[in-house]
Structure formats: structure tokens, C-alpha cells
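Protein chains: 8
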Amino acid sequence: MEVAKVDHHRTSLQGIPEVILARGKRTEDVARVAMAMYKRSKRFLITKASAEVYEGLGTGEAVFHERSGIIVAGGMGGRKGRVLVVSAGTSDIPVAEEAALTASFLGSRVETLYDVGVAGLHRLLGNREEIGLARCIIVVAGMEGALPSVVGGITDKPVIAVPTSVGYGASLGGFAALLAMLNSCVPGIAVMNIDNGFGAGCLAHKINSMVR
Amino acid sequence: MEVAKVDHHRTSLQGIPEVILARGKRTEDVARVAMAMYKRSKRFLITKASAEVYEGLGTGEAVFHERSGIIVAGGMGGRKGRVLVVSAGTSDIPVAEEAALTASFLGSRVETLYDVGVAGLHRLLGNREEIGLARCIIVVAGMEGALPSVVGGITDKPVIAVPTSVGYGASLGGFAALLAMLNSCVPGIAVMNIDNGFGAGCLAHKINSMVR
Amino acid sequence: MEVAKVDHHRTSLQGIPEVILARGKRTEDVARVAMAMYKRSKRFLITKASAEVYEGLGTGEAVFHERSGIIVAGGMGGRKGRVLVVSAGTSDIPVAEEAALTASFLGSRVETLYDVGVAGLHRLLGNREEIGLARCIIVVAGMEGALPSVVGGITDKPVIAVPTSVGYGASLGGFAALLAMLNSCVPGIAVMNIDNGFGAGCLAHKINSMVR
Amino acid sequence: MEVAKVDHHRTSLQGIPEVILARGKRTEDVARVAMAMYKRSKRFLITKASAEVYEGLGTGEAVFHERSGIIVAGGMGGRKGRVLVVSAGTSDIPVAEEAALTASFLGSRVETLYDVGVAGLHRLLGNREEIGLARCIIVVAGMEGALPSVVGGITDKPVIAVPTSVGYGASLGGFAALLAMLNSCVPGIAVMNIDNGFGAGCLAHKINSMVR
Amino acid sequence: MEVAKVDHHRTSLQGIPEVILARGKRTEDVARVAMAMYKRSKRFLITKASAEVYEGLGTGEAVFHERSGIIVAGGMGGRKGRVLVVSAGTSDIPVAEEAALTASFLGSRVETLYDVGVAGLHRLLGNREEIGLARCIIVVAGMEGALPSVVGGITDKPVIAVPTSVGYGASLGGFAALLAMLNSCVPGIAVMNIDNGFGAGCLAHKINSMVR
Amino acid sequence: MEVAKVDHHRTSLQGIPEVILARGKRTEDVARVAMAMYKRSKRFLITKASAEVYEGLGTGEAVFHERSGIIVAGGMGGRKGRVLVVSAGTSDIPVAEEAALTASFLGSRVETLYDVGVAGLHRLLGNREEIGLARCIIVVAGMEGALPSVVGGITDKPVIAVPTSVGYGASLGGFAALLAMLNSCVPGIAVMNIDNGFGAGCLAHKINSMVR
Amino acid sequence: MEVAKVDHHRTSLQGIPEVILARGKRTEDVARVAMAMYKRSKRFLITKASAEVYEGLGTGEAVFHERSGIIVAGGMGGRKGRVLVVSAGTSDIPVAEEAALTASFLGSRVETLYDVGVAGLHRLLGNREEIGLARCIIVVAGMEGALPSVVGGITDKPVIAVPTSVGYGASLGGFAALLAMLNSCVPGIAVMNIDNGFGAGCLAHKINSMVR
Amino acid sequence: MEVAKVDHHRTSLQGIPEVILARGKRTEDVARVAMAMYKRSKRFLITKASAEVYEGLGTGEAVFHERSGIIVAGGMGGRKGRVLVVSAGTSDIPVAEEAALTASFLGSRVETLYDVGVAGLHRLLGNREEIGLARCIIVVAGMEGALPSVVGGITDKPVIAVPTSVGYGASLGGFAALLAMLNSCVPGIAVMNIDNGFGAGCLAHKINSMVR
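Heads up: the protein sequence lines correspond to chains G, C, Z, S, E, W, P and H, in order.
In case it helps, the working numbering puts the first sequence at residues 1 to 212.
In case it helps, the working numbering puts the second sequence at residues 1 to 212.
In case it helps, the working numbering puts the third sequence at residues 1 to 212.
In case it helps, the working numbering puts the fourth sequence at residues 1 to 212.
In case it helps, the working numbering puts the fifth sequence at residues 1 to 212.
In case it helps, the working numbering puts the sixth sequence at residues 1 to 212.
In case it helps, the working numbering puts the seventh sequence at residues 1 to 212.
In case it helps, the working numbering puts the eighth sequence at residues 1 to 212.
If we strip away everything but chain G, and leave its shape as in the complex, we get:
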């Protein structure tokens, strides 16, 4: 059956090993692939997972981060370089956590700075030193999605922007924030899909790893 094959060749080509996206897959398929990974390397990361997936796993070593829907087994706590994850509002934290856990799982040292929305600029500006220490900064924001532009305006580090689906009405499920980030007046901001904290964690780790 095609589904359960673990394609080791592919993941090693792209430098992102042992990761499964649970959304849209059957619980049994996710569990089987995860356990195959675990057998081989004692570690895996599952994104967009539910409690049901967690319960379907055959190992007690996995940890379920409920808020972000991340299940992780083996070796968190990366120590390489420094990735900073900044988020705007309380409701953006699940996506920020997905980004942080991903980068950490891949091997990066990760720091977080939550709840520094554009409306409370003093909190962001009070953390300039923290921003200066990072090699790469992930900025997570919903609603008007303005935070990446503001962060990008006070640093020369690569900025990765993640729009979230936080908001209502004209936020169009995160599209307003996505468009804002794509149109940032700060040149060179890297934009991810809505709620794609995982992608941001992957890119941040790649960039962070360039410094040997």
C-alpha cells in the first residue's frame, strides 16, 4: 500500500527529516509512518495533529503540545545558533509554538517573544537587544499582519513572516494578514502560507544553519 511507505530518500534530499503532516490523513496511517520513523531514528515530529492521533501512537515517549497540535518524540532542545520567534496576539501563539517546536526539533536554539503586537510598540522596542542576538527572526501575526514590517524595520536579519487565521470578517481567514506581509515596505521579507508555522521553522533552521 503506497500510503505507508516512508520515503527516506525524499526527506534527506530536502534536509527536513522525520516529519509528518497529520491533517487529511487517517490516524492509522499517521501512526504507522511515525512508528517506522521512530524505529529507525528514535524521533519524529507530527504537525496539525489531534488528541486522537496522539492516543493512536504506540510509544510513551511522544509529547503532545495541544495548543499547536504538535506531537514530538526524541531530541528537542536544539542548541545551534539562535532563532527568535515573535508573535503579535495571544491567539497567534499556537502557530508561533508550531514554528518554535519545529526549529527546535531540527536542531536550532529557539527563543520566543510573545504578545508584542503593533498596538503596543513599546514592548517590541524594549526587546531590541533580544532581536539583535538572533540569526533569523520568525514573526507571527494575524489581523492586519503589520508586525513583520515593524520588526523588519529595526533589524538587518532575515525575517520570516507567518500570517495566521486569527481575526474575523474582513480578515478573510488570514488572507488580509497574508496580503499585508506580501506587500511589506521592508524589502526581502520571506512569507509563508496562513498558519504555516512548520514551514517557517524549517526555513529558519536552514538559514540559522548556514553559519557553521
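These aren't lab readings, by the way, just hints derived from the structure by calculation.
The beta carbon of each residue, even a glycine, is placed where N, CA and C say it ideally should be.
Watch out, some of these pointers could steer you wrong.
Unchecked claim - Simulated restraints, written as ranges between beta carbons of each label pair:
1) Z:E66 x G:K39: 49 to 57 Å
2) Z:R128 x G:N127: 50 to 58 Å
3) C:G77 x G:H122: 31 to 39 Å
4) P:M35 x E:A36: 44 to 52 Å
5) E:L125 x W:M76: 37 to 45 Å
Starting from the known structure of chain G, arrange chains C, Z, S, E, W, P and H on it as the hints suggest.
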């Protein structure tokens, strides 16, 4: 002929007298209405006007502000209170100017603060005192439309946000900025249509006029 | 933990104190922040709240307005000036109520005029005197969103338009009403996000407070 | 050659004879078809036509209505019943004229009431008698497209709503007005495509003709 | 309390009496208004109603049409003229039924012709005589929304097109059908909002009633 | 220089040789590639070409089909099987011609049936025999895009639908027709991009060639 | 009652017999039509069906393919020619299965090649021989929808592209994949509606059947 | 006058010095700012510039790259690391060139690989070695925007995707390609706004510069 009738009753009801929107109207119609206003009150304001409209007017007293497409005759330089017009990028100035000229024509004292985009936050923060002096602040921005949120975060005055069509690709002709402003995390920002500097000037003057 | 910090500095900067948006936040986080506010100032307002949030609070002094999802504790019944909240259809009342409760909580005297849709113009026109007494008018409407234009045409007061998600099919979740309000032929109408009664209440109170 | 065939069978089936839509067709094709009609019945109506099309015709009996892009030959001035065409702003008149000329060409008596926008309600209400005399009312409006709801609220006659592309920014080329009309709170308003005055004229004439 | 007021003046102005839209309203409010109508005139029509609304009514004389969500009390079976309701697919029948019940409630004689989709043209063409007998034809279709054009091509009667939300993917909740109907190559088709069978029934009855 | 390389390997892989899309390319680049093809095989097809491109070519053997923007050199008049191209309105002919010329250039025998819109069904039904002779039918239509469904309903042959940008307002540049075709109630209709007559010609030829 | 009529004439015209789309229909209606088909020809195919529909059937010979929502009775395992169904990700398999079961039911021999996403190109390229054996290839993909272009680039067979609703955020419910497929740089790819595996199976079988 | 101020502080903060976006600015303003930069540092880069801007400059040392609208003065030919710019079709080259010139101006060594569209995969795969040598890869593509996924599938380097407005109809001015890139199944691709080669060049240089 319906077109040329000047509807004095309507405009006085709404408190916005002697104004003509030129776009979509024939030059001769605009000119006729303008001259009727001029005859009655020695003043008029024409928005979204071209040089052709300006040349079609029968008075040498009108001034044509080419960048913003405003033609004005009689009584600029309002002295009432203080409206501040802030704009993000150089390309947003025409819309900012439309807002400023409108509020001034209606009777408000207007100050401007141009080119203070989100990417250069230090310029905005360096003008906090100026912001504090205003009764009402118009913020004009295209691209990601983040500036109203930032301004709204450092003042308790009413903020009027005007998205502009400045940008390309995913700016969707100003829609990205419009959506951002509607989703601002700062509560109570008043949003206008794309490029509607005139509307912002009207509202600002109304608010500014409340303090007697 | 970032989430529970009450950022007094921010809210006082913007002039909108002691308010929490419940949507997208965990019940325990909302409750903790609310109680911290209550401790400090004996009052708070929670918007977009569910019965679950209400039950999670540790005070018997809060009142739950179910229809609009507002929980309020301390000091309603503002007495300052006069804000009028007008709404079009029965289904628009929850958003109108959110606006009215917000402005009242912030200190404004609030009057309401419900169910005066465009199709029944005589009811609106029969209340012209009421409209004339207000310093600022909030107009709430779904479907075609025409009411703010009609109200704006018979008053020179600032009008704040709130589109609602009432409607179906081509109402696009309130987008039709939002677009209509942004394109109003009455100059200077302040537009809010869809269903954002809270924002309208904030702006109305700011404007109402300008007259000392 | 397919293009030049005059399909008499089709047009008589639908009850709309001798009409050509010029847009998107070559001038020579339009002229040939028009002259074939003229030969047969001494009359034709061409919509969305340019001056170039007018000059390409081989008859001096056609009249070119430049503002609405209508060319008409033979028998205007219908006398049957009464169709009223109401329009909101000056810029909406070309589409209103297209509707009026179409209904008149088909045989209806047509009256017009222009420039009665929602912002100036007193003008509309002052013409209630005129509205009462019509069998069917065409309402043409751009921008927020609110006029059909207002007219529909004061009459029990069939109302045909035509959105126009008048507006800018969030008017989305007339889509805002179109959506508003589709969502009217007045039941049973017939909506046409943006700028489709011709279609409105056809339907109005059909309805007007039902009373024998 | 505003909600429960029965606005008799409004409904009589528009010629559509005794109708309530249940969607978005509280069950108790709907019931109260319905019973007030029933008391006055022994009849009412409720649209978009659920079984819960039906159970909340205080009369045993109302009939609940579950498929279309219509509750009706008093006087169905109109006898005036002839309105034909045509629908495309089986899934479109609820909306067709809403249109048919509405026109019948208002007083029109109604015939129906269901399941005559464009893909089975022979069924439609086999009913040409039926189409010829009607004074006005309502055409209900989802998916590609082509049926109104086809019907409109074989009759000279007024055609009212109702798009439905039947379909998936690129049907965009009925928007594809709506756009198709607005762009019909048959001139003068009257278009309603998505799933708005009620509106179609109202307009059809108005047109049908013109022949005395 | 990359641009001028003729990638013979690619085109033979896909079975569509010697074709150039002119749009978005510089005239000199198009000409150089065309002449290289001509040298090798004495034939080429250029789509979406302007007169300027035609004049820039170094051969007198190419023919310019102005209406469809096709330049063709060598071997038209395919004789294999039978592809039928049906189009709805006069304005759709350029795209239909692009499809017909492409299939013919590739080797298919092509017949055309133009101006058989849905509103004139009798013309289409009168050509059933012609439809029966084809192996594959291309149907080109703008506006409501209903024709492919109607044709698909009377044949069991593969139908290829091409929406055109013919229309205005709510046609959204052909998007209305595209959506209609994607939602056809006839199963298995192959849909192309808006105005993509070339793609339709390619697919039709591939299908037509399956019968040896 | 219209609903239950089995329209044999229509289905035989289009060459797709004995198929029912369950979505949007009442269980009892689906069952009745299915049993009528079964009585006549001992076979039927139901698409987009739920377990409830399956249980409502009066035959034990039907098989329910839960993942794809297909119920099939009688004669699977077509033997004609060869159709290849390729899919990108695990979550796309339900739609791929719908396509495969449909083509098989209609009589085609079907092979499948699942989980060969663009990110793992080596798997696709390793199956070139398999691709070469097919007469027609169905390619099913969600997210960025790139697979049809890649497959189309390495074969000269007709390619049928089916976008799926797999994805989140900016995938817009499958619209991103749909747009990508419509814009493929490979000429002549046949595009289906989102999740329309059934349509793809029908078209593939028609094309596959052309070779006698 | 605000416009002409050169904000050295801002640009140095973000690490992108001496760059001007010409679009939407007056020629004289662009020239003045450029010459101020030239005076200070003997270099500048102007993007989205026309020939008119080039002629308005007061230096003979600037070079105008017409295809990409780039004007550059001083110090091209960066030597640091290696950035690879890959593009899909001939029409995408202007945007690719904008990216390449930007990264080179900032100091990176840049290689290019043009015309390797998804439909001609062999060309891309034949350049794997070239891809392996880069530290960071910019991938530029219009139409279906599939190339970044394919490139991302064969490398573990950071990939920066730039959608272009190349295409027509359902390409929606580049939106189709943008959506495809945001939904890539390869994790961590950095997406830019449509046609934003400049942003890609900036980000690529930042990433390339991380390796000291």
C-alpha cells in the same frame, strides 16, 4: 437638465458645502456647477480633477493642485483646531494632499507629516509631540497599510485610515491595505475607501469641529 | 507566561482601558486577565464571549449579555454627551448591542433606535429629532448595507458604519454590506470591520468625548 | 460567412427584435447586420457603440446618443404604458439613458428621474407621485447601490435594479453595487449585470406590456 | 421592545404582506410576530424556518414544508394567472419549492416543472406548451446556472433566474451560477440572490398580477 | 543566450512540435526561434501574435490570421479524423479560430460551426448530424458559458470547453464562463484556461489521433 | 413525483449510464433511483455517498468504498485499454480513487500510481514506463497543483488534471490547485472541477475508448 | 520638502543601502535622491524604472537594464558566496534579471539558469550540479508557478520563490502562481510578492552573507 442643478439643500444637510467630484462627469458639467457655486459663495473644491477641467473653468482664482487632482477656489487655510495628516511613502502623498486640502478648505487647521513609513519607525516616534497636538489624525498608507495601527498604538485621538492604491501584484490595487486597516488590532480606527482622501478630510473636519 | 500579563501601559496610551477580546483565547486566560483588571479597577468588558467564559469568571458582579456575547462588570450607564446606535434589521441587533454596551461602558450616554431598515424609511424619518440630538451616530446594517448612506444624508454629525454578517449567498458573510459602506455617496462615513460593534463603540465614545 | 446572418427566428422567439450589441464585434459586421435590419423593417438599435460604428453605417436616419453609446434608427417614442427610469448620480446617466432608449425603442412610454441619490433623499421623496404613475421602475446606481432598496421601499411596483461601474477602489468596478442590489432587504428586486441598461430596458418593456 | 413590532405600514407599501424571514432571528421573536399576523389576518408565511420554529408556533393550522423550510398558515392555492417554476436538478427543488409556495401564498396560480437540467434538453423542449401558458417563468438552477438562458431562448415571457448553492468546489457556494445568470446572452433576465426563492416568488406574483 | 534555444527534445516529448507563444516575448526572440523552426522543418505556428511580429519574420510563406493573432507557415489543412469547433457568439470567433487553426496545423481535419449561442438553440439542434460526425468537439463561449453543457447533453463524444473573455461587468474577464464550465452538470467536460484556444486545439488533436 | 424518474434517454445520449450523484439528495431518493437502475441492468455507481446512503440500499451486492464515498454494484474491473491514475499526496487518494473506480465501472482497465508528489520527483521519474503504457493519464493533486504539469512534460498522452481541496489557508479550498492547472505551461491539459474525480473518470474512459 | 530627504538611518538599519523604487514617484524626485546617494557613496540601484527616469539622471555612469527596468551605478559584480537565479519561461526573465542584478549590487556572486520550465524537466535535472553549488536559490515563475516546488524537491538549500505576472485569464495577473508557491508541498519555501525580484535579491543576499 438634471445634471447642472446645484443641490444646496442636500449639501447643507450633511455639512459639506460647495464640493464637486469630477471623475466620471463631463468637463462642461463640472465647470457649470463650479461656477454656480462660485457665484453664490466665492468658493468651491473640485476633487479627482484633470488639467482639462481646470482649463475649462471660467475663473482665474482657482488653484490647481496637480499631484492630488484638486482644484480649489476661495478661502483655504482653515484655522480651527488641528488636524494632522500622516503618510507612509512618497507615492502616498497625492492622497494625503487631497485629505489635507479638503480639511483645510472646510475650515480646519492642518499639519502634515509625510514619508514616515513603518519601515522607518524612528521618524514617526521622533514626532510624537506633533501627534499629541492634533485633535484628530488622518493616516494615509498603501502597500501593507500598517501605519494606522502603529499611529493608533501611540495616541488616544481618533485615527482615520486611508488606504491607497500604491503597490503592485498582491496589493490588489489597494485592497491589501484596506483589509489591513479594517483588521487593525487598535480598536476604533475609522476606515475610508481606497484613495478617498476627500472623505477623510470631511470626517476629520467634523471631528475637529466638535470642540467649540 | 506572556499571555496573562496585563499591559496597562498600552491600553492607557490608546484611551480604551480594561477590555478583553475573548475570541481565540483560552477560557482560563480570559478569566485570569479579567480578574486582574477587576482587582485593580473593579471593572472590565469582555467581547465575543461565550457562556463558558462567563461561568469561568470568579465574580458574581459580571453581567452576561448573551445576544451580543458581552460580559461586563462595573460601571455601565455612561452619562457623557449622547451616542445614538441605529440598526437596520432584527438580526443586526447583537452587533448594535455590542456597540451600545461598549460606548456606555466607556462613559457615553447611549440611545438606541432599532429595526429602521431602508425598506421602511418612514420609521427612520419619523425619528429625525432623535438623530438631531446625538453627537455621533453608529449605524449597524447587514445585507445591502444601505442604511448608513441614508442616515448620513439627513444629518451633519459623524456617522460610524458597521456592516454585519447578516445575509446569505451574495452577502458574502457581510462583505457586500462592507463594500457598500466604503462606497457611500455621503462623504466621510467611518467604516468598521464586519460585526465590529466594539470598534464602533470605541470611536463613538472618543468623538463624543471631544466636546468637553 | 456566419457572422452576418441575421437570425430573425431567434429574436422573434424572445420578443426583442432588431437589436445589435456592438462591443467586441468588427465595425463592418455591425454595419452589415444593421443595414439588413433596416432594409427589412426600417429600424434598429445598436448598443455599446462608438462613433466609428456610427460613421460606418450607410444611412443618414440613424441617431447617435454619444453618452450612452446607443445608435437608433426608426420609431423611437414608444407610447405604451409607463416605465420610469430613476438614477442616482450624474455619472450613472449613460446607463440610465441606455435603459430608457431601449424601452422606448421597444414601444414603451418612458419617463426619467435623474440625480436622486440616496444622500439627497428629499428629492426622491418629492417625486412619489411620479413613481406611483409608473407600471415598472428601473433604478440605476453605482457606488453603494442603495437606491433600488429605497425606491423599492416606497412602491409596490416591480423594481429593476442596474448597478453601474461608477466608483473607484472598493467599488470593484461596480461589484459593490451589484452585491448590494442582490442583497436588498426589499423582496423581489430584479437585478441586472453591471452597466446593463439594455437588459433593464428589455425586461421593463416586457413587464409594462403585460397590461393590455 | 423593537423586535416584536409588526410593521404593517411597511409591508403594505411594498405589496408583500404577512411574511417573516426566520433566519438569524430568535425563535420566540418569530413566533410572536407570526401569531400577531395570524390574529389580524388568519395567515402568514415564514421562510428559512427550522422545525424548532414550527414547534414554537401557537397554532395547529400552520403547515411546515420541511424541504424548503417554509411554514405557511392560511390561504394557499392562489388562482390568479399562471406562474411556472422550472428547476434543473433534484437538489434545486427546495429553492424552487420556496418560490412556488411564495407565489401561491401571494395569490398566483403556480405550476412546476422540475428536473429539466440543461444536460437533458429533450425534457425541457418537450414542455414548450407548458412554458407558453405561463405569464412569467421562474428558473431555478445551481452548478453552471445555464437553464435560465436556455428557457429564455425559447420564450418571450419575463424570466426570473434563481441561482442555488447546489454544487461544490468551483461552484463557490452558488456564485458560479449567479455570475452565469447575470451574464446571460438572453436580454432582460431578472436575477435574484443565491437561494432566494422567496424573492423570485414575490416578483413573479407582481408581474403575474399586472394582467387584470 | 538562453532565450533563443529551440528545445526540440521537450516539444517532441509532449507531441506538440514547432509552436511559439508570442505574448510577453520580444519580437526579435520570436522571429529568431520561428526561423530556426522553419529552417529545420519548413513550418511553425505562432499564437497571440501581433502584426509587428508578422512583419519581423524573414519569410514570405507565413500567413497572418489577424482576428485570432495566429501566424502559420507550412502545412495547414490536416486530414486526420474530424474535430468540430463550435462557438457561441460573434465575439468568440477569434478564440474559436485559434483552436481550429491549431488542430489543423497539428494534422486534424477541422470543421467549424459558429454563432450557435444558447439563446438560439434551434441553430444548434439543427446541426446534430454535423456534431455526430466529429470525434471530438471544442466548444467556445464567453458570457454565461452555457454552450458546452448544452452540446455535452446531446453527444457522447469528448467535449473540450474554452471560456472566452467576451462579456463585461460580472463576466469578470471570462471568469464567469470559466466557472460555469467547471461546474457543468454534464460529466467529464475538459476545461481550458480563458481564451486558450491553442490548448483546446492541442488536446482535440491528441484525442482525434487516438483512432488510428 | 419528478425526483424518482430515471432518465434513461439522457444518460445514454451522453454515454455515461447508471450513475447517481448522492450529494444534496435525500437518502430515500438516491436509494429508489439506484434500485431502479439495479433492476434494469444489475449495476449502478453512486458518488459522494455517505454510510447512511449505503445502509439505505436494498441490495447486498453493492460495495461501499468509504474513503472515496463511492458505492458500486455490478461489474467493476473494466478491461479496455489502460487508464493511469496518478496522485500527489496521501490526502489526495480519495479523489484519485473516485476517478479510478469510475473509469473502471465504465469499462476501462485502470492502473494507479499514488503518492508521487512533485517534491519527490524521483518516484515519478522511476515510473516512466508505467506512464508510457497508458492511453490517458488522470493526475490528481491538491496544494500547489503542480503535478499535472510535471507529468504532462514527460508524456504525449492526454492528461486530465483534477485539483483537490487538500491544503489550508491560501489553498482556498482547492482553488490554488485549480488555478495552477488551468495555467499549466504544458499545452492541452484537460482540467476538472475541484475534487471531481468522477468527471475525470468519465472523460478518461471516453478517450480510452476511442481506440477500437 | 519631505520627498527628497535621503533616510540613511533607515536603510542602514535594514542592511539594504542605496536603493530607490521608481514606480509611483515623480522623475525629478527619483533623480534627486539618486544623485544624493551617488554623491555620498558613488553607487545606487533604481528599480521599476523607465527610460524617462534614466534620461533624467545627471550621471553618465549609470547603466539602464531595459528589460528589467533596473538602473544601476557603481560596483556591480559581487563576489561573495553564490546565489543561483532560476527562471521558468522566457517572459519571466525580466523579473529574474531584477533579482540577479539586486543580489549582485548588494555584493553576492550570482549565477543564472533561465528557461528551465516544469514542462522541460530534463533541462533542470541536467543542471543539478549547478544547483548544488549555490548557497541559496531564487526561483522565478509565472503561469502555474510550479518550478519552486520542483527545485525545492531536489535541494536542501533555502529556496526563494518569486511569482510573476506572466500568463493570462485564470492566471489573475500572477495570483495563480503566487497561491501555488504559498501552497508548495516542499516545506519552508520563502515567497515574495508578484514580480518582486528586488525583494528576492535582498533576501538571497542576506542569506548568502550568513556564511562568513
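Hints versus structure:
{"no.": "1", "hint": "Z:E66 x G:K39: 49 to 57 Å", "result": "holds (53 Å)"}
{"no.": "2", "hint": "Z:R128 x G:N127: 50 to 58 Å", "result": "holds (54 Å)"}
{"no.": "3", "hint": "C:G77 x G:H122: 31 to 39 Å", "result": "holds (37 Å)"}
{"no.": "4", "hint": "P:M35 x E:A36: 44 to 52 Å", "result": "holds (48 Å)"}
{"no.": "5", "hint": "E:L125 x W:M76: 37 to 45 Å", "result": "holds (38 Å)"}
Of the numbered hints given earlier, the model fails none.
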